[in-house]
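S.K.: Here is how the chains run, residue by residue.
There are 2 protein chains.
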Amino acid sequence: MAQSNSKKLDAITSMDEDFAKWYTDIVKKAELIEYSSVKGCMVIRPYGYAIWENIQNIMNTMFKETGHENVYMPMFIPESLLQKEKDHVEGFAPEVAWVTHGGSEKLEERLCVRPTSETLFCEHYKNIVHSYRDLPKLYNQWCSVVRWEKTTRPFLRSREFLWQEGHTIHATAQDAIEETERMLNVYALFCEKYLAMPVIKGMKTESDKFAGAVSTYCIEALMHDGKALQAGTSHYFGDGFAKAFEIEFADKDNKLKNPHQTSWGVSTRLIGGIIMTHGDNNGLVLPPAVAPTQVVIIPIAQHKEGVLEKANEIYEALKVLGVRVKVDDRNEFSPGWKFSEYEMKGVPVRIEIGPKDIENNQCVIATRYNGEKQFVSLDDMLDTVKDLLENKIPQGMFDKALENREKHTYYCESFDEINKALEENGDGFVRAPWCGSEECEDKVKEATGISSRCIPFMQDKMARKCVCCGKDTDKVIYWGKAY
Amino acid sequence: MAQSNSKKLDAITSMDEDFAKWYTDIVKKAELIEYSSVKGCMVIRPYGYAIWENIQNIMNTMFKETGHENVYMPMFIPESLLQKEKDHVEGFAPEVAWVTHGGSEKLEERLCVRPTSETLFCEHYKNIVHSYRDLPKLYNQWCSVVRWEKTTRPFLRSREFLWQEGHTIHATAQDAIEETERMLNVYALFCEKYLAMPVIKGMKTESDKFAGAVSTYCIEALMHDGKALQAGTSHYFGDGFAKAFEIEFADKDNKLKNPHQTSWGVSTRLIGGIIMTHGDNNGLVLPPAVAPTQVVIIPIAQHKEGVLEKANEIYEALKVLGVRVKVDDRNEFSPGWKFSEYEMKGVPVRIEIGPKDIENNQCVIATRYNGEKQFVSLDDMLDTVKDLLENKIPQGMFDKALENREKHTYYCESFDEINKALEENGDGFVRAPWCGSEECEDKVKEATGISSRCIPFMQDKMARKCVCCGKDTDKVIYWGKAY
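Chains as they are written, first to last, in this note's numbering: chain A, 1 to 483; chain B, 1 to 483.
Think of the hints as simulated: they come from the structure by calculation, not from any bench.
Take these hints with a grain of salt, some might be off.
You can't tell identical chains apart in this list, so a pair holds if it fits in one copy or across any two.
As the list claims (entries may be wrong) - Below, in silico cross-link-like pairs of lysine-lysine (BS3-like), each with a Cα-Cα straight-line distance of 27 Å or less:
| no. | residue 1 | residue 2 |
| --- | --- | --- |
| 1 | 39 | 392 |
| 2 | 39 | 106 |
| 3 | 28 | 475 |
| 4 | 310 | 64 |
| 5 | 310 | 21 |
| 6 | 84 | 106 |
| 7 | 209 | 150 |
| 8 | 29 | 64 |
| 9 | 137 | 475 |
| 10 | 243 | 481 |
| 11 | 39 | 21 |
Kindly produce the complete structure, drawing on both the sequences and the hints.
M.R.: What follows is the structure, given as structure tokens:
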């Protein structure tokens, strides 16, 4: 295995040297995306898209298990429709793309390319919801949306991105609030179980909630560089949209009422989250559940008798188990070059098999996230790989990410403590008492450069004083710099 | 079962009375689509979208088995990029939607919403294809596209529609031509095996090919009303796009060459094809492979002891087999009402189970496409249903559709024969000798109102005379009215 140290020549920028460059190096060199000539829009390449497909498949199952159905709405919204809900249009109009011409003709009314589809769903619900028997409608849509951002970064903020948007409508406020919470929990479970990404569940402050929502719930994750990533949101709308769009239903008591609505979404941004939660200086590190290739088998001295046969035997055995596995038997690259290649691409497990291994009825199993290598008897290979993919690796990745988050979560009781913590330990989550006023929220932002992330559901209910105004409060909030 | 004749009050328009209205009645009443306030764009409702998801799942497997990978390109194309290939821009520019503003700012260059993505794929291939080792790239994309049509109809012609577009690039012309043919065969196999829709495989005439293509292959199906539906196309581009976009690769002989390209697509139009191939005056008739619900179980006298239990037992047994099955145990509707409901929705198999059936250890199995009902011993129920879904129904539906097509395919040798056949038997395919000239093609259209559909791969190579000019030819072509 002498070749195992011959790294690829074009190593990526180190994370500590330039985090932003490290990030874009990974998205390019792991072949997740390629830039296009449309500013802020990206080509999602097969390897990147396969990660998204795996995310979609798992989530789709979770959505269907919770009773949701997929639909497809038009991608265009007439300007007059967008304007029906006042807060909503104020939030979105400044950042939409406008279609003004169809062929050579000027349109009578401009159409925006959907930045989100609340207005379209409302128009549809008005057509199909008339009685309590029609409720709830639990709809979801997978599509792309457009927001005309000034500054863009692959996966994190782009002018077009892929996402899912759930839109549900219920007879009562309670049903809608339960749905809002249910879907936030689905998101949190998905992130923690399948992406090995610990998240804080909480609520956005008034100033930070979705345009048109009564309340916005969110999950927040901490990235390697100490910045926060909003990984998913779930909004409770009350009956505000229903009133604006005149959606009414005859309830059991025969009275006409406005139904209550929710919406919730996650996007390809999650892929950015995976990169910045798990990646390292050798490249991407993928959680097994969404890795396009879970195991790569690399034959050593593959020209020697029996090596390729044994590699293919292992391949077949893993494939039967449902593992996404490949053998790389290319002649033109050394094993060491291949090691680097699959490290860059974040393949969770590498199996090396050479003549000596075969002699000893063993193979080498290397784990991407922690770099560990072990000799494993070929008799135990299947059990070992299965246990790694299903338990050890996701758990290990989650623990590592959680440890990093804990290390960069600062419990502060004053401005001084906040500034000191950030200065000494770098960016991170600041968990601090807050009186709940927008004024204090603004002042913290001014004084420290960090902004509110969320009011966590997990509160400790201790009597303390707001870091800003000093008023008594038992409420804590997370602050941080955000992507 | 006295209630079985109590049809729903709002029956659909009869096919013979008004075919177009029959069609729109079905798309609305089977809850496939709903109109939106954006002209020519539709809401695809859960039942309609589930059909599309089933189509996607089967096709995706077929695409992956033939080595293709999914990617995602931006939805916008800068005007200058669209203009790079002359024929292509001429074909598409008149029918694209133009984005001119982002937020409140006017864009420096207009962007069109993709009507198809050849230009984007070419731009990407120019970036990633440099050597023969990089070839072929076999990419596919699932997305929505926009074409600013004047006249629109749900699924058949809408301003936005969902589709897949394959885009591949190869080292040699031969490889690209083989790919073009391979994917046409995949489409034909899909339509015939999974949609039970017989298709003619052939080639478009010069005047009818895709903008920018060297040749366009297609599959054509005949609808109930005798009109033809182009159900899928596969294009061979030669190296025209590669030259226009300056895509070059170093071949094995170290010479720089232009690669050869293809593209191929099918869309939600297939759902329109299903409706008009199999539907009847009771509503939709779905092929089992893509039916969201394959079997519906309707308990008769469900308040009687043991009926619901037995219905649920059947449900569980079918579910374990992987059948998409549901029990409709709603109290507020009679069995007869439910029969009509699921006939409208085209559910392939209905199982009725009542107290007398249970006494006799049997159930009634009704088959949607031919209306047949049979008593089946509960011991044979699983085998019977499985055989119906996998063999008898798809085969029966295919045979019925083929019979209809044969009945409406007219073999003609002269203008007179064409006009007579159409007058006596109604619209249909006209299979007739053609010399191959565009002039004759135009004259046939003028004289008979039908246009060329395709030059079929299956030729009989008999010596005959062109129906128009009378020149000797051994070539036949299909003519017809097209959707």
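S.K.: Now tell me if each hint is right for this structure.
M.R.: Do the hints match the structure? See the list:
| no. | hint | in the structure |
| --- | --- | --- |
| 1 | 39 - 392 | neither (41 Å within a copy, 54 Å between copies) |
| 2 | 39 - 106 | both (25 Å within a copy, 14 Å between copies) |
| 3 | 28 - 475 | neither (43 Å within a copy, 52 Å between copies) |
| 4 | 310 - 64 | between (41 Å within a copy, 26 Å between copies) |
| 5 | 310 - 21 | neither (40 Å within a copy, 64 Å between copies) |
| 6 | 84 - 106 | both (23 Å within a copy, 24 Å between copies) |
| 7 | 209 - 150 | within (21 Å within a copy, 41 Å between copies) |
| 8 | 29 - 64 | between (35 Å within a copy, 24 Å between copies) |
| 9 | 137 - 475 | neither (35 Å within a copy, 56 Å between copies) |
| 10 | 243 - 481 | neither (36 Å within a copy, 48 Å between copies) |
| 11 | 39 - 21 | within (18 Å within a copy, 45 Å between copies) |
Checked against the numbered hints above, the structure violates hints 1, 3, 5, 9, 10; every other hint is satisfied.
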